[in-house]
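Given chain A's structure and the hints, the job is docking chain B onto it.
Chains A and B, in that order, give the protein sequences.
Basically our numbering = 1-based index in the first sequence + 7.
Basically our numbering = 1-based index in the second sequence + 4.
I should point out that these hints are in silico values taken from the structure, not numbers from a laboratory.
Predicted model, so just to flag it, every value in this text is computed and none were measured.
It cannot be assumed that every hint is accurate.
[Unchecked claim] Simulated restraints, written as ranges between beta carbons of each label pair:
1. Arg97(B) / Glu154(A): 44 to 54 Å
2. Ala76(B) / Thr124(A): 54 to 64 Å
3. Gly110(B) / Gln205(A): 49 to 59 Å
4. Asn21(B) / Asn52(A): 30 to 40 Å
5. Ile197(A) / Val136(B): 48 to 58 Å
6. Ala198(A) / Asp171(B): 53 to 63 Å
[Claimed, not checked] No farther apart than 30 Å at their CA atoms in a straight line, the calculated lysine-lysine pairs in the DSBU-like style are these:
7. Lys346(A) / Lys191(A)
8. Lys346(A) / Lys12(B)
9. Lys165(B) / Lys12(B)
10. Lys42(B) / Lys346(A)
11. Lys12(B) / Lys42(B)
12. Lys191(A) / Lys294(A)
[What the hints assert, rightly or not] Stretch by stretch, here's where chain B covers chain A in the computed footprint (C-beta under 8 Å, at least three residues):
13. 337-348
14. 369-382
Glycine residues also receive a C-beta, built at the ideal position from the N, C-alpha and C atoms.
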Amino acid sequence: MPELPVDSVGLVTPQTAHFDDPLALACGRTLPAYDLVYETYGTLNAERSNAVLICHALSGHHHAAGYHDADERKPGWWDAHIGPGKSIDTERFFVVSLNNLGGCHGSTGPNRENPETGRLWGPEFPMVTVSDWVNSQVRLADRLGIERFAAVIGGSLGGMQALQWTLAYPERVASAAVIAATSKLSAQNIAFNEVARQAIRSDPDFHDGWYTEHDTVPRRGLKLARMVGHITYLSEDAMGHRFGRDLRADDLNFGFDVEFQVESYLRYQGDTFSSSFDANTYLLMTKALDYFDPAQGGDLASALAPASCPFLVVSFTTDWRFPPPRSRELVNALVRAGKSVSYANIDSTHGHDAFLMPEPRYQAVFAAFMDRVAGDLGLETRA
Amino acid sequence: MMNRPDFKLIHEWIPENAHILDLACGDGSLLAALARDKNVTGYGLEIDPDGITACIARGVNVIEQNLDQGLANFDDNACDLVIMTQALQALRRPDLMLDEMLRVAGEAIITFPNFAYWRHRVHLGIRGYMPVSKSLPHAWYDTPNIHLSTFNDFEQLCRDKGLIIVDRAVGIGDHEGHWTSRLWPNLFGEIAIFRVSRG
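Same shape as in the complex, but just chain A (with noise of 0.2 Å):
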């Protein structure tokens, strides 16, 4: 058996909590119904003050941090910065990681079966948003005896649920990072999103989202998303340095196989996505972000009247997903609205991906601000 990393939260297992009472959400429909899976690292301590709630991305789940099995090739998504000693340090945190409703990955969502039915969920599962999964969370957290987290926090569209979080529940949460976040799409983003939709769902093998039934899966819909997606999240750069233009044979074969490593790499990604995600959690999970909007086309700094932690806002250079200029409209709006707030823009090659990735100055960043909360908080702080 391999041995786990020192700085590893070690070997975890997903717990799952079931919930009775409906839900309203906020497209009009109610969920009776639901379970939450999730995971948790250290420990909750007796006033139940060190809670950190992790908030996922888009393709993201509830396995942040640590190895289900001994095997298990690689840790968790963001085992970078959770774990004894890292940024989220679990030797003074305990951090809860859930998957979000209309997930695929153990909570309730379309390839689980819907009670009333007897069918899949399918296509029939509500539209979930930020504000939604930011209620269902509260729930969580009301299950586990949480009653304010020290902090809540996320990247990407786990930055929105952060920061949704503190204008619909200020005083449950001491404090909240929002990494490679915006406070709403642009045009350009919504547009790819569209184009991973469509994607999906002109696939022959879609079948209106009851493609399971029919015994099969949108693979090339859902791996063709993916590789649009995925181009997104890295950076020019990062895609130059890794592949450049650089062959996989040594000649050209004048044909329209993979030749190219990029090419290589993207369909890699593409296949290994379309094989382990749902291809209607994925078109939920898109409109999730598209209509995530807490200041609903108005003024964002009146819109973050509500909040009143403190704020951690970082951006990364290269990100072109969402740039540093979203970032920086959400903090100028937290200083319009007097808020609490430092900003960081970490340069580094990777792109939107460099949320997940270590990189000494977004580990000291981001350590420093975890350090505060804990001090804020009269947590055990590091020597």
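Here is chain B on its own, set in the frame of chain A:
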């Protein structure tokens, strides 16, 4: 923490409960001390990564922002007072920054190294070298200080802009807290400090 000679006087000048902006706030020690002692609120602007991290660790609100791009993201009269210590001389257009500062607040406190300080004059006037001192520690080729000025120059700029000089003083880098505005400040002051308001 308050080991910078200019901080001590600024600390005295800032009123209780003021909402301030500290441009080029460094490690945030001034804002932290003002928050602690005078219940001051506000934001620091900085571009140095280590400074930004230090601010966050102190609980000082810090925003990564290049001052050469102005303060357009701050509304008119967004705060009571703007401070800029030892950064004016490193800006591309100190005069425009002064306009910006007094748009965002009614009053500004500015400190900068006085190029006419007698030791600097000795360096340049007698020995024939660009001055290097405690307040100007860089060599000519790598200095960030691209707009050096004197106590008199700055006063002239304020007059030209029709600003009111509420207070001014000079200090000697190594005599902490020793400030004066008499006795040829342009000659004996190493660090100049001005408190100006809109005319």
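Check the structure against each numbered hint from earlier and tell me which ones fail, lowest number first. Checked against the structure, no hint fails, so every one of them is satisfied.
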